[in-house]
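Participant: Let chain A serve as the given structure and place chains B and C on it in line with the hints.
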Amino acid sequence: MKLTLEIWRQKDANDKGHFETYELDNVSSHMSFLEMLDVLNQELIEKGEEPVAFDHDCREAICGTCGFVINGVAHGHMKRNTVCQLHMRTFNDGDHLVLEPWRAEAFPMVRDLIVDRSAFERIQRAGGYISARTGSAPDANSILIPKDQAEAAMDFAECIGCGACVASCPNGAAMLFVGARIAHLGFLPQGQPERAERAKALVAAMEQEGFGACTNYTSCEATCPKGISIVGIAKMNKDYFNAKLFTGGNLGGKD
Amino acid sequence: MKLDAKIPSGPLADKWTDYKAHTALVSPANKRKHTILIVGTGLAGGGAAAALGELGYKVKAFCYQDSARRAHSIAAQGGINAAKNYQNDGDTVFRLFYDTIKGGDFRAREANTYRLAEVSNEIIDHCVAQGVPFGREYSGYLANRTFGGAQVSRTFYSRGQTGQQLLLGAYNSLNAQVNAGNVDVFERTEMLDLIVIDGVARGIVVRDMVSGEVSSHFGDAVLLCTGGYSNVFFLSTSAKGCNGSAVWRAYKRGAGFANPCFTQIHPTAIPQSGDFQSKLTLMSESLRNDGRVWVPKKAGDDRPPNEIPEDERDYYLERIYPSFGNMVPRDVASRNAKNVCDEGRGIGPTKRGVYLDFAAAIERLGVDVIKDRYGNLFEMYEMINDEDPYTTPMMIYPAPHYTMGGLWVDYDLMSTIPGLFVLGEANFSDHGANRLGASALMQGLADGFFVIPNTLGQYIAKGKHPDVDPNCDEVREVEQGAKDLNQKLLDIKGTKTVDYFHRAMGMIMLDKCGMARSKEGLNEAIEKIRELKKKFWADVKVPGTGESLNQELEKAGRVADYFDLAILMCLDAREREESCGGHFREEHKTEEGEARRDDENYCHASVWEYMGEDQTPQAHKEELIFENVELTQRSYK
Amino acid sequence: MDKAVGFYESTLGKKIVMAVTGIILFLYLVGHMLGNLQIFLDPAQIDKYAHMLHASAAFLWSVRLVLLFCLGVHILAAFQVWWRSRKARPVKYKVFNPPDVDYAAKTMVWSGPIIAAFITYHLLHLTVGLDSLHPDYIHLGAYNNVIKGFQQTPVAIAYIVALLLLAFHLYHGLWSLFQTMGWDHPKFGPWRRPLAVLLTVVIAAGFICVPVAVMTGVLPR
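Chains as they are written, first to last, in my numbering: chain A, 3 to 257; chain B, 27 to 663; chain C, 754 to 974.
Pulled out of the complex, with its shape left as it was, chain A reads as follows:
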């Protein structure tokens, strides 16, 4: 099949950036979207042009490295998917596709379709964990966790941190990402001692990064490759509300 690709090209953070149009013939329907871009890049290199830079790694939809916006939809039109597992057979011959990077103030541009997601790192480092010193854990079966609770935690733990939620949020909010982390640990008994502090720390870090505010558009849930539910956002709101106004610190003393 034949495709017209309109791709955002930007040399680095200081460059203004522009769209460039490429025609690609002989796209096999078996290719993944990234393999299609590989083919384009091979052609560009052979022609002496610079290839399109895009982030990718595992190509199995689990590492969360890849991602860009195809015709206005993060990760493309197939639900619960990443661009590495999006196959060309779901497109039509002659399609015109516009490829843009995640656009958000908190994700500065790096190059072409690559953005800097270190804001996510800073949020997680602020407290998105359980402080468990190596070697101090009791026997694994001494903490019983009801199956449905463990499954609920897993539903949120599946987040791959790709940033599609921010990219597809009309407000540029990162609440699904943060909510997922808070809900994952909040559902587990091990996560309770630090629960209030965690909510405060993560929300504060998120605020500082300049993400937008959630107004419940729900497009984050719709484009999330792992289908993380906005229930996570509700959990985050509740934990934050309680932590900030009622419990204060975990003992209710400090703040």
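I should point out that these hints are in silico values taken from the structure, not numbers from a laboratory.
The C-beta atom is built at its ideal place from N, Cα and C for all residues, glycine as well.
It is possible that part of the hints are untrue.
[Unchecked claim] Cross-link-like lysine-lysine pairs, in silico, BS3-like; alpha carbons within 30 Å at most:
no.	chain 1	residue 1	chain 2	residue 2
1	C	K801	A	K18
2	B	K46	B	K647
3	A	K49	B	K560
4	B	K397	B	K545
[Unchecked claim] Derived, one-sided and incomplete: chain C residues facing chain A with beta-carbon distance under 8 Å:
no.	residue
5	V758
6	F760
7	S763
8	Y846
9	V848
10	D853
11	A858
12	Q932
13	M934
14	D937
15	G942
16	P943
Facilitator: What follows is chains B and C alone, placed relative to chain A:
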């Protein structure tokens, strides 16, 4: 090159306990004076960074990904083994040790493998404490599943994403240490070379992959946790960025490389669908529990599978191995798939594939049972291949998946360069010639969280670690060398892309140094790869500059190393005149065509020492002494 | 107080303040609607009701002040949240089609200001009774004011349109506030949207039936 494994004396079961009781320690107040450099942030590297940070060391961790959480440990599906015996089915530490060492076809070091089995239980405890949501019973207790190569149920799992959850656990612990100020993480940073001063590893040269800036970092120990080198085959189940450059450049600085030819080719991956293919996707091994493997009896039979009548199908695994049938170990299944394809009976567009048929299981158990067991895998298959496995047999073909070989390490996980430690898949120590399922995650976490925190202290406490002068000749030379190498690649300005060469090398390697090897084939491969390497250095085209993000330059540097690594793999495979585990030599098989080990002459780890560019490396041996297990021949007939 | 200020400074805090003031305004709407529906009873009934509300100036003005305060805070928080989100994406997409976007969510940005404008008009029209807007206005003559007011078809239509907008605003606000307040439960979670729809329909129908009744001649009886 002196190979002293430093295995503690005493009974196998007491070695690790005794070691810990007598090892030298670093005082808590002094730990923060020691900087530890860790390359790679997967289970081994991330775990080590977190654990050493907790102890108070000053840790700098490096990864090429944009986040430590994206290391390729994340892609492991099935699970992690531990000898908890929660199922009361007779599991013990010794049994896990024995299964691992037998699965590795008796080519691993007893003491290391035993220690791995021993700390497996602590790993599960720690992961649960970190908040890893393992699968549970309704009672709230942890659930287990059965995995290949074992008769007990000892595998812990988080749906089909165990690697992801374990890595996030390690990553969270790492983040806690970053927040505490003990660890600095350098993302999008690739190690280019190792700095060795007075024979001791003292630092690394890295490239910032965004700005292109090359700089050096110094420390009192360097930990390589950089995974395997399966990508030498171009098509593998590894992530695209996985590479062997860190270990390779350490090898060139004097670290011994052990058993480079021990690679695992996993039998159930989705076959290649065209020349554009960029990587292979694994389908869980568990599919073989219910699927039947077959090819047409006639070579060149192009009929769709459902039109080939029963008596014209060859269920070759069931035919050759009546007692194990479709459940033979990974290496046997992979080799037989290659054999039938070599006979011209392969299926699919590339003729490199075999059917995995669920029709019989669906008839016996019903669609619902199959859906319950494999539903998500079937969906994934349909997404990739656009065929419904419920009605059309799946197509599968083996894919390079894991490398048991790696840098040689002693019991402390230290390489032949003092101060250079190697953890996880990057080292050679625990899996011998073949790795059992659900044990890679175990090794990564064991090395990172439980072994290195106890063995590193010995090295730090006993040695003197004077400050490194950043302007000394050794540092300048290595730094300049790394810059020059990149510039050299950019200056070739040839006509062919990096991928072109990588693909070509991968084809040679898969064909000649893959599932079956022969002296003749290996000689041919070495010859061809040398030629290809020459062409690469004359005709590769790397666009752009070194002073910006340049993904082609990154690839070029890695592929340049792969040529030499591939040649070393072939040399090692040629040298090892026996068949064991994943290493199958056509010349060494029983009358029935099965692998024949030679314990008399090859019960050792082959360790290679770099002797200079394009020089034949020198081979050394670490004899493997088995005091606690009896060496038996595997048979699956 | 420090706590409350710190809380309000965060986006989540603003959202929760919006939710709480939203709830208060919603409860007021319920009361307002029940009051309005008395118009279908004896014509004297609603006038009696109006007099009752005005019996104590202190009471009347405290309620009015609380409502005004809530409305003000609601609008201020909304504006701040909107402004923050605007800044969160300085470079816009060339093509942007996020899937499954809740339609009502999209309308909030402009339905809010329009409703604010409507409220102003409504107060001037039926509470203050500005001559230019309502020549037949009689102080506390609620029955007369409503009937005469809505007998002007453009006015009735404007009310209906504004109320429909309010309905959208309410629907999204109602289900959003469950989310914002963290009121979710595996069992009840799925009922949040239907409940929001139900409440919205009841409120909208309760308000809109009055101008419709006047337009169709059901009122005055």
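Participant: Please go over all the hints and tell whether each is borne out by the structure.
Facilitator: Verification of the hints:
1. K801/C - K18/A: This hinted pair is violated, its Cα atoms lying about 68 Å apart.
2. K46/B - K647/B: holds (28 Å)
3. K49/A - K560/B: holds (23 Å)
4. K397/B - K545/B: violated (45 Å)
5. V758: violated (11 Å)
6. F760: The hint holds - F760/C has a Cβ within 8 Å of chain A, the shortest such distance being about 5 Å.
7. S763: holds (6 Å)
8. Y846: Nearest chain A Cβ about 6 Å off; hint holds.
9. V848: Holds, because the Cβ-Cβ distance from V848/C to chain A comes to roughly 4 Å (cut-off 8 Å).
10. D853: holds (4 Å)
11. A858: holds (5 Å)
12. Q932: Cβ of Q932/C sits 5 Å from chain A, so the hint holds.
13. M934: M934/C check passes; min Cβ-Cβ to chain A is 7 Å, inside 8 Å.
14. D937: This hint holds: D937/C lies near chain A, its Cβ roughly 4 Å from the closest one there, short of 8 Å.
15. G942: holds (6 Å)
16. P943: violated (10 Å)
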